[in-house]
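Asks: Sequence:
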Amino acid sequence: MNYFLCFLISYLIGSVSFAVLISRAFKLPSPYAHGSGNPGATNVLRTGNRVAALLTLIGDALKGAAAIIGSRLCFDEFALTAEESELLLAISLVGVFLGHIYPIFHRFRGGKGVATAVGGLMALSYTLGLASILVWLIVAIVTRYSSLAAILSSLMCMFVAYSIFELNAVFYSICIVGIVLISRHSKNIRNLLSGRESKIGSKS
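Residue 145 in this note's numbering sits at position 145 of the sequence shown; the count goes up by one each step and never skips.
It should be emphasised that the hints constitute simulated quantities derived from the structure, not laboratory data. Each hint can be trusted.
Listed next, with one range per pair, are the computed distances between beta-carbon atoms:
| # | residue 1 | residue 2 | range |
| --- | --- | --- | --- |
| 1 | Ile-104 | Leu-130 | 30 to 38 Å |
| 2 | Ile-133 | Ile-176 | 19 to 27 Å |
| 3 | Ile-176 | Lys-27 | 31 to 39 Å |
| 4 | Leu-130 | Tyr-172 | 15 to 23 Å |
Heads up, the beta-carbon is just placed ideally off N, CA and C, and yes, glycines get one too.
Produce the entire structure from the sequences given, and follow the hints as far as they go.
Replies: Below you can see the structure in the form of structure tokens.
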């Protein structure tokens, strides 16, 4: 099994920016030139178009799931062992996530990776995926801070992942994604601490 090829395919899937594609389809401002400048669903929502934001969210999540589902289809095709299967899933998750935040199709300027990560987690484990969505929703509804919801959801996922996967390659890949995702929110963390973070739906 060519793991590099698996990573490359997952990376290319992740590099497709639905924020850019949906914004063009709806004739909205480029997400790079609007709001936070982040090509993601939250920033698309700042245009006031909820349908476009929802489609961006769904598209980014589906590409995360697609990478994992594609890898699962290889299990029987290549007669992989349990350890090889776990490694393949881990590589796919990291690949599609890095593709989203460093997309080759968009000069390596990508989003935070929250929706793509959730889509990948859902395909790995419904329990983990639903838990991440539940935590995000609770925090987002209570505080209206998308960044805080993403950070707390990422932290929770790393702990829950251990109870599901223990210390295997999938667990470590989830930790990598979680740590990178939180680091991508460093500016948001500073804004949260200073009270300058924009809330969900804000056009500023």
